[in-house]
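J.: The primary structure of each chain is shown beneath.
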Amino acid sequence: MLTVLGAYSWVNIKFLLEGAWVTILVSVCSIVLSYIFGVILGVTRYVQIKYLSAIVGFVIDIIRNLPLILIIFFTYFGLPHLGFKPDPIWASVIAMAVFEAAMVAEIVRAGIVSIPTGQMEGARANGLSYWQALWYIVLPQAIRNMIPAIVSQFISLVKDTSLATIIVLPDLMNHAQIIYGQNTNYTIPMFLALAVMYFIVCYSLSLFSKYLEKRIGGGNKKGKADEVVQDASDA
Amino acid sequence: MRKILSRVGLVVALLIMVVSLGACSSTSGSKRDVLKDDKQSNTITWGVKADTKLFGLMDVKDNQIKGFEVDLAKAMTKEILGKKGKARFIQVTSQTRMPLLANGNIDAIMATMTITPQRAEQVDFSRSYFDAGQAILVKDGSPIKNVRSLNRKGAVVLGVVGSNSVQNIKKFAPKARVLQLSDYSQALTALKSGQGDALTTDNGILYGMSIENPGYSVVGGTFTKEPYGIATAKGQRPFHNAINHALTKVENSGEYNKLIYKWFHNVKGFDMKGAER
Amino acid sequence: MISIFQNYGGELLTGLGQTLLCSIIALIFALIIGSAFAIMETMPNKFARVVARVYIEVFRNIPLLVITMFFYVVIPMYIVKISGFASGTVGLTLYSSAFIAETVRSGIQSVDPGQMEGARSTGLSYWQSMRYIILPQAFRYVIPPLGNQFINLVKNSSVLAFVAGFDLMYQANVIASDSLQSMSTYMCVGVLYLILTLPLSYYMRHLEKKLA
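Quick mapping for you: the protein sequence lines, in order, are chains A, B and C. Residue 1 is where the first sequence starts when you use this note's numbering, and the numbers rise one by one after that. Residue 1001 is where the second sequence starts when you use this note's numbering, and the numbers rise one by one after that. Residue 2001 is where the third sequence starts when you use this note's numbering, and the numbers rise one by one after that.
Calculated from the structure, these hints are not laboratory results. All C-beta atoms in this analysis are idealised placements derived from N, C-alpha and C, irrespective of residue type, glycine included. Treat the hints with care, since some could be wrong.
Straight-line Cα separation of at most 30 Å, DSS-like style, residue types lysine-lysine; simulated pairs [stated by the list, open to error]: (1) B:LYS1066 x A:LYS85; (2) A:LYS14 x B:LYS1061; (3) A:LYS210 x C:LYS2046; (4) B:LYS1170 x C:LYS2081; (5) B:LYS1039 x A:LYS85; (6) B:LYS1083 x A:LYS85; (7) B:LYS1139 x C:LYS2081; (8) B:LYS1171 x C:LYS2081; (9) C:LYS2046 x A:LYS214; (10) C:LYS2210 x A:LYS50; (11) B:LYS1225 x B:LYS1258; (12) B:LYS1083 x B:LYS1249; (13) B:LYS1234 x A:LYS85; (14) C:LYS2209 x A:LYS50; (15) B:LYS1061 x A:LYS85; (16) B:LYS1175 x C:LYS2081; (17) A:LYS85 x B:LYS1036; (18) B:LYS1078 x A:LYS85; (19) B:LYS1066 x A:LYS14; (20) B:LYS1084 x A:LYS85; (21) B:LYS1234 x B:LYS1249; (22) A:LYS214 x C:LYS2081; (23) B:LYS1153 x C:LYS2081; (24) B:LYS1145 x C:LYS2081; (25) A:LYS14 x B:LYS1074; (26) B:LYS1086 x A:LYS14; (27) A:LYS210 x C:LYS2209; (28) B:LYS1170 x B:LYS1139; (29) B:LYS1249 x B:LYS1139; (30) B:LYS1171 x A:LYS85; (31) B:LYS1086 x A:LYS85; (32) A:LYS14 x B:LYS1262.
Now the stretches of chain B that chain A is said to cover, found in silico as 3 or more residues with beta-carbon under 8 Å [claimed, not checked]: (33) 1056–1070; (34) 1086–1097; (35) 1186–1195.
Modelling step: build the complete structure from the supplied sequences, incorporating the hints.
T.: Here is the structure:
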């Protein structure tokens, strides 16, 4: 019992919280970036611009089908060849953003496809241009249907930041490892702390998603949108 | 059919891109002059370990890396850049240090890195700044008394990815199975979890572990010589020379011995006289 | 890149084999466990529903790395010694089973509830109707998402690298530090992962279109 209390000394808790802060920082930055780029790339892939859409689609497929750890290595070890030397925090943000943007893009594309074509035709019949119809009519509906899928993607993102310990990102996982690496009696308390802290962040995100769903809700509950959720719910 | 062809075309295009990226990677990195850049910014960026007691260990209390190598790097920075020179530390692992140096994220590696001919083809090494030797750490009461008793089927040795010791152990105990973890704290945790019979790396690092973890000891003495060197990127002669020069100065001024005393004087079984310069 | 394949072909092949083996074992067990919890979640019994919900939420909201490290580090200290490969596979199974449970549940719920009522009224028991009427339809519907789960499984198996599981990513790290050519090594390994995942991914998209 004493060892457990020692593990949760203020010094250790503070160190863990510092790690949690990095986890949250990296998560938030990459969520924002990947949402923006994901929507742009998803739309680009959907609209069938000659060559561009095919190339974008292919690159998205490549990224989606690689393990995230590899993408982290590529950014950390590869980007310097292009003249940019990121520190572990930036490297993680970029790697997560690239990987998750590809995931979000796929969700967005599937989301747009799931909107009945009648919507687009109706909007065009009312005199809107193709892009106007896409932007004002189709995309908002698609995004509403995609919220659960996108949020669960972001939950995966938060969890996946732990993989960046491999390039010594000083995140929650890394800090816990440093603590139990120095005193093995703290192993179980640290795992407990890890589980609780990640769970709190991720579960509150998923509650937020349920709230959003109810709030904006509607749409087709089952069918296409649900399928999309399951496709993308995990990284 | 057309679709398939365009897909294939894309794959080929991408492969060409990848290969050309790989090709240009080997040429970059050597263009800048590290010493000049560092003098301008008044900062040297060192790659150090953060999971290795005595050499470089993250202090949970204030988030600083502390250890013999960190102190030595600070002293050498002052010799190279003058009293006001700043030393910046970036955490590396055995796995990340070489790519980081090649990419220029760090100027020099001082991270318990043994000078080996194979590595010397990729980086320049300074003179040795610490002479370690490989040893093994086992749980007290373990039947394993030295490296020879590890040479049997079923024995499991733990090491760290990218360290010289995992290469050596294959020569000294070829029958043992080697598991490579990503850093020392992982490897030590694995040893304590019973994932292996012994942990092998350099004696200095193992001493640090045995201090923190009663019930585990270094046994059998050293079976290799592991001179640690400071690695710099190829083609950085001025910086390389400055490092060797600074090392000599730190040794001659007696500061080196002070640091050895500071970090190793209460380590059981450590040969202080042999380490002093 | 080619020199990496030539010099380390054996290691890469072992890695590929271990990655596949781990993914397939994890897929089979995750399917069994996941389906069990999915059925529990749709059962009329409230206790069963709560148990299933808790299980799914716990494993969905904790990083795979934490689960895997738990089995690698904590379990051998107190309970039973398990290897890196085994702990990675167990972690992967539990983690994936939560996602598969969600997938299968949505499949079961997508089947018209009238089907269950109809089956029951013809005299089948709850379990019989589940087994013969509901599940076959549910699985047909969830095959594409399950395929995508398998792709995720293959990608996620790279977590074995953290526990010396001898998978592809572990071999990559070892080769990269042995050959000192990290970028080319990781590119080779990237190509190998794509060989495993990309065709499956395209096939699943094709299936999705066909079923839609």
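J.: Any hints this thing doesn't respect? Which numbers, in order?
T.: Violated hints: 22, 29, 30; rest satisfied.
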